[in-house]
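> Here are the chains, one letter per residue:
Number of protein chains: 2
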Amino acid sequence: MSSAIKVFAPATVANVGPGFDILGLALEGIGDEIEMSLSDAGGIEIRMPGSNLPTDPKANVAGVAIQALLDELGSSQGIRMIIYKKVLPGSGLGSSASSAAGAVFAANELLNSPFSKQELVQFAMAGEAASSGKAHADNVAPSLLGGFTLVRSYEPLDVVNLSYPSDLTVVVVHPQIEVKTSDSKKILKKDISMETAIAQWGNVAGLISGLATSDYGLIGRSLQDVIVEPVRSMLIPGFDQLKQAAADKGALGCSISGSGPSVFALCNDPVSANKVGSIFRQIYQDLDIEHYVHVSKINEEGAKVLI
Amino acid sequence: MSSAIKVFAPATVANVGPGFDILGLALEGIGDEIEMSLSDAGGIEIRMPGSNLPTDPKANVAGVAIQALLDELGSSQGIRMIIYKKVLPGSGLGSSASSAAGAVFAANELLNSPFSKQELVQFAMAGEAASSGKAHADNVAPSLLGGFTLVRSYEPLDVVNLSYPSDLTVVVVHPQIEVKTSDSKKILKKDISMETAIAQWGNVAGLISGLATSDYGLIGRSLQDVIVEPVRSMLIPGFDQLKQAAADKGALGCSISGSGPSVFALCNDPVSANKVGSIFRQIYQDLDIEHYVHVSKINEEGAKVLI
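Going down the list, the sequences are from chains A and B.
The numbers in the working numbering rise by one with no breaks, and the one at position 44 of the first sequence is 122.
The numbers in the working numbering rise by one with no breaks, and the one at position 178 of the second sequence is 256.
Just so you know, the hints here were simulated from the structure itself, not pulled from any lab data.
Just so you know, these numbers come straight off a predicted model, no measurement behind them.
Note that CB positions come from ideal geometry on N, CA and C, so glycine has one too.
A portion of the hints provided could be inaccurate.
Footprint (simulated), chain B over chain A, 3 or more residues, beta carbon under 8 angstroms [to be verified]:
| # | region |
| --- | --- |
| 1 | 99-108 |
| 2 | 142-151 |
| 3 | 164-170 |
| 4 | 226-240 |
Partial chain B-side listing against chain A, Cβ under 10 angstroms, derived [said to hold, decoys possible]:
| # | residue |
| --- | --- |
| 5 | 116 |
| 6 | 120 |
| 7 | 265 |
| 8 | 268 |
| 9 | 274 |
| 10 | 279 |
| 11 | 280 |
| 12 | 282 |
| 13 | 290 |
| 14 | 293 |
| 15 | 302 |
Could you build the full structure based on these sequences and the hints that come with them?
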């Protein structure tokens with residue numbers, strides 16, 4: 079049992095077009111880093127340099143997630159951690175999920191891996207519930223497992239690693255305005271028409287099939303969200319411009335990352351992805367909005383040990 | 079240009095669990111047969127021995143479908159056909175789709191194939207619209223193209239051939255009570271809760287992924303329809319018994335074929351499929367309901383020339 083560890087858990091894009099509440103993918107090169115050690119003092123102690131998020135373990139997603147893991151083990155092991163937030167809260171890139179996933183992954187490693195990564199999803203979800211009021215897995219699953227994930231069901235929890243073409247490249251842009259997940263949930267309707275739902279699951283089916291068979295044309299035609307995007311995109315300045323520009327530059331599709339305000343585009347290679355990234359940057363420069371652009375492949379590994 | 083032809087167009091299972099209005103598959107060994115010839119007399123002449131369906135071409139799905147094809151060509155070519163109905167109307171096995179698909183396929187062959195099978199889908203849909211009041215493609219697409227098909231979108235029409243494991247075997251049982259498609263549509267709600275819709279598209283995603291990767295466990299877990307089956311199954315005598323028996327005999331899943339009353343089960347090999355077929359037969363014998371059981375692989379070819 080090593081007594082100290084440093085881990086990385088990637089930022090994630092949830093929903094991914096038509097896959098509201100079920101699909102997510104992990105990003106390379108952006109994610110939270112967590113240093114963790116076991117402590118004889120008992121309790122969970124959290125430090126988050128440069129962040130004003132709560133460090134009380136009962137109010138912190140990482141604290142709540144680790145407590146769920148310890149409860150399952152019937153353990154009162156003390157834990158100390160320092161969370162280096164690299165994924166900005168309220169970005170729509172799975173900030174709280176990245177902390178929750180990294181924390182349970184690190185604790186599991188320090189405790190000699192009593193759980194598989196799949197099993198860790200439920201504990202990270204408990205952390206997410208503390209943040210958003212509902213236990214979602216569409217960000218924590220890809221942050222832990224990497225790749226492109228499907229949360230097929232919650233009762234029982236069933237997380238599936240999807241097949242996808244290895245050249246698939248993701249562009250995300252985060253306009254630095256804050257949209258709280260809870261606000262963003264409120265503007266969604268509780269009921270939808272059967273007709274709209276059918277259109278949505280037609281696109282979900284097309285997307286999964288296109289990913290599994292590397293059919294980029296089908297992926298592109300299927301990256302349509304007819305339910306959530308039309309409502310939430312109103313909260314994102316320049317959204318229509320970004321979407322048009324992504325199409326013009328050859329992206330397969332473009333939609334909202336998680337509950338926004340970040341916007342993602344999927345591309346079939348890094349060259350077109352870089353062009354899309356440049357035009358996204360240009361659009362927010364012209365709108366005079368602070369922004370951050372990230373271009374990467376899908377992270378295949380998920381949460382990992384750094385040192 | 080040959081002047082006479084005989085074709086076969088398979089019966090089909092539409093919806094296939096969670097895929098309401100978007101998924102369908104073709105059956106081997108059961109379907110309508112159509113003899114067709116070109117005629118100098120002009121007009122469309124239809125005979126249907128042993129059937130009491132309308133033979134007026136304006137009121138017959140095959141007649142309407144062929145007229146749509148001729149209209150697209152700007153042709154006033156006369157057509158004569160004899161339709162041998164093997165798929166019983168009102169069975170939920172795509173009876174009208176089989177006639178419409180076979181008719182446009184045969185006419186296209188006689189006219190030197192101006193259209194691809196994919197292009198024929200739209201004409202067969204026009205026939206379906208005459209039958210059910212709405213132009214659906216989830217039966218005509220698999221009847222024409224064979225295999226397991228996805229109708230991703232109607233505007234524009236986008237039909238996708240899905241990947242599926244070649245051992246997949248289908249059991250269908252048709253209890254010979256009539257449920258009209260139009261009645262069966264009426265009992266569905268126009269709105270559904272977002273929560274239910276999310277559960278449905280999670281299962282759609284799992285099913286497509288399981289089919290593409292031959293993950294039978296995932297196919298089985300995903301063959302759940304939480305929206306339509308709970309309502310329509312009330313119209314099918316013995317449905318709960320069939321479903322339980324299918325699970326007991328090792329079927330991957332079991333649900334309603336099309337709008338019923340036929341029920342299908344998917345199995346991972348012919349041995350378990352035959353066991354499921356036997357128990358289905360037993361259940362309807364015990365209930366004293368006339369029935370027909372069919373066990374087959376998925377038909378890979380779709381509509382084809384017999385002679």
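> Now tell me if each hint is right for this structure.
The hints, checked one at a time:
no.	hint	in the structure
1	99-108	holds (count 3)
2	142-151	violated (count 0)
3	164-170	violated (count 0)
4	226-240	holds (count 7)
5	116	37 angstroms, violated
6	120	40 angstroms, violated
7	265	12 angstroms, violated
8	268	6 angstroms, holds
9	274	9 angstroms, holds
10	279	4 angstroms, holds
11	280	5 angstroms, holds
12	282	5 angstroms, holds
13	290	4 angstroms, holds
14	293	8 angstroms, holds
15	302	8 angstroms, holds
In summary, the numbered hints that this structure violates are 2, 3, 5, 6, 7.
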